[in-house]
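Undergrad: Sequence:
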Amino acid sequence: MYIFLLFNLFKIILGGEHQRRLLKYLLDENNHNPLERPVYNDSHSLTVTMNMALQQIIDFDEKNEILAVSGWLVL
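In mature numbering (1 follows the signal peptide of the UniProt record, and there is no 0), the protein residues as written are -15 to -1, 1 to 60.
Simulated from the structure, these hints should not be mistaken for lab results.
Being a predicted model, the structure only gives us computed values, none of them experimental.
Please note: incorrect hints may appear among the correct ones.
Restraint-style ranges between C-beta atoms, simulated for each label pair [to be verified]: (1) Gln4 - Ala38: 39 to 49 Å; (2) His17 - Ser55: 25 to 35 Å; (3) Leu60 - Gly1: 22 to 32 Å; (4) Ile43 - Pro19: 30 to 40 Å; (5) Asn49 - Gly1: 40 to 50 Å; (6) Ser55 - Pro19: 21 to 31 Å; (7) Gly56 - Arg5: 31 to 41 Å; (8) Leu12 - Met37: 25 to 35 Å; (9) Leu58 - Asn18: 36 to 46 Å.
All residues carry an ideal CB built from backbone N, CA and C; glycine is no exception.
Based on the provided sequences and hints, a complete structural model is requested.
TA: See the structure below:
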């Protein structure tokens, strides 16, 4: 039983190492620029769709014109 748990724990540790290495490769400063837009030509526009599913109104302050809501945001 203990050997089985030890091998399963070892797999999780190895998976974490590979995940960190992949993220470092993908998001390394030399390979990734967060200011670049994902378009072939910079003169083309980029359409971004955004949806929000309102779950509830948490607070409404009429005097200060503040509305606090809770919901799901999908990009």
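Undergrad: Holds or violated: the 31 to 41 Å window for the beta-carbon distance between Gly56 and Arg5?
TA: holds (33 Å)
Undergrad: Does the Cβ pair Leu12, Met37 satisfy 25 to 35 Å?
TA: At roughly 27 Å between Cβ atoms, Met37 and Leu12 fall inside 25 to 35 Å, so the hint holds.
Undergrad: Taking 22 to 32 Å as the stated bounds, is the beta-carbon spacing between Leu60 and Gly1 within them?
TA: holds (27 Å)
Undergrad: Honestly, do Leu58 and Asn18 meet the 36 to 46 Å range at C-beta?
TA: violated (25 Å)
Undergrad: I want to verify a distance hint. Is the separation of the beta carbons of Asn49 and Gly1 within 40 to 50 Å?
TA: holds (46 Å)
Undergrad: Hint says 21 to 31 Å; check whether the CB-CB distance for Ser55 and Pro19 agrees.
TA: holds (28 Å)
Undergrad: Between Ile43 and Pro19, does the C-beta distance stay in 30 to 40 Å?
TA: 31 Å Cβ-Cβ, so the 30 to 40 Å window holds.
Undergrad: Just tell me: holds or violated, for the beta carbon distance of His17 and Ser55 against 25 to 35 Å?
TA: holds (32 Å)
Undergrad: Is it true that Gln4 and Ala38 lie within 39 to 49 Å of each other by Cβ?
TA: violated (30 Å)
This entry does not satisfy hints 1 and 9, going by the numbered hints stated previously.
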